[in-house]
Amino acid sequence: MQFIGYFLAFCAMVFAIYYSFTRKITFKKGAVTSLIILFISLIFIFDEITVEGIGLLRKARS
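Quick note: the sequence shown uses our numbering, first residue 1437, plus one each step.
To be clear, the hints were calculated from the coordinates, so they are not data collected in a lab. Keep in mind that this is a model prediction, so the values were computed, not measured. It cannot be assumed that every hint is accurate.
To be verified - Computed spacing ranges between beta-carbons, pair by pair:
id	residue 1	residue 2	range
1	Ala1496	Ile1453	36 to 44 angstroms
2	Arg1494	Ile1472	28 to 36 angstroms
3	Lys1495	Val1450	19 to 27 angstroms
4	Tyr1454	Ile1476	27 to 35 angstroms
5	Lys1465	Arg1494	42 to 50 angstroms
6	Tyr1454	Phe1475	36 to 44 angstroms
7	Ala1467	Tyr1442	32 to 40 angstroms
8	Met1449	Lys1495	17 to 25 angstroms
9	Phe1446	Val1468	14 to 22 angstroms
10	Ala1467	Lys1495	37 to 45 angstroms
11	Phe1439	Lys1495	20 to 28 angstroms
12	Met1449	Ala1496	30 to 38 angstroms
13	Ile1472	Phe1439	30 to 38 angstroms
14	Ile1440	Lys1495	31 to 39 angstroms
Note that CB positions come from ideal geometry on N, CA and C, so glycine has one too.
From just these sequences and the hints, can you work out the full model?
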């Protein structure tokens, strides 16, 4: 799950750099799209962290 997040973040970076150089679409559109991809990837990364954190909390309580 965390790997998916990192992969999407990497894709967003590559996408933003590629479109800023080629300028096939406006930079604003490319930046917005890459920000959306980064936001989704952060959800994946933090979801994994919170799942692990909750698991550790449950172990500590029992």
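Status of the hints after comparison with the structure:
1. Between Ala1496 and Ile1453 the C-beta distance comes to about 43 angstroms, which sits within the given range of 36 to 44 angstroms.
2. Take Arg1494 and Ile1472: their Cβ atoms lie about 33 angstroms apart, and the range 28 to 36 angstroms holds.
3. The hinted window of 19 to 27 angstroms between Lys1495 and Val1450 is violated, with their beta carbons roughly 38 angstroms apart.
4. The beta-carbon spacing between Tyr1454 and Ile1476, approximately 18 angstroms, falls outside the hinted interval of 27 to 35 angstroms.
5. Between Lys1465 and Arg1494, the C-beta spacing of about 44 angstroms keeps the proposed range 42 to 50 angstroms intact.
6. Between Tyr1454 and Phe1475 the beta carbon distance is about 19 angstroms. The supplied range of 36 to 44 angstroms is therefore violated.
7. Checking the proposed 32 to 40 angstroms range against Ala1467 and Tyr1442 shows it is violated: the Cβ atoms sit about 20 angstroms from each other.
8. Restraint check, Met1449 to Lys1495: a C-beta distance of roughly 36 angstroms breaks the suggested window 17 to 25 angstroms.
9. Against the hinted window of 14 to 22 angstroms, the Cβ-Cβ separation of Phe1446 and Val1468 comes to about 18 angstroms, which satisfies the hint.
10. The hinted range of 37 to 45 angstroms is satisfied by Ala1467 and Lys1495, whose Cβ atoms lie roughly 42 angstroms apart.
11. About 24 angstroms separates the C-beta atoms of Phe1439 and Lys1495, a value consistent with the hinted range of 20 to 28 angstroms.
12. Checked against the hint of 30 to 38 angstroms, the pair Met1449 and Ala1496 passes, with Cβ atoms roughly 37 angstroms apart.
13. Look at Ile1472 against Phe1439: about 20 angstroms separates their beta carbons, and that is not inside 30 to 38 angstroms.
14. For Ile1440 paired with Lys1495, a C-beta distance near 25 angstroms fails the hint of 31 to 39 angstroms.
Going through the hint list in order, the structure does not satisfy hints 3, 4, 6, 7, 8, 13 and 14.
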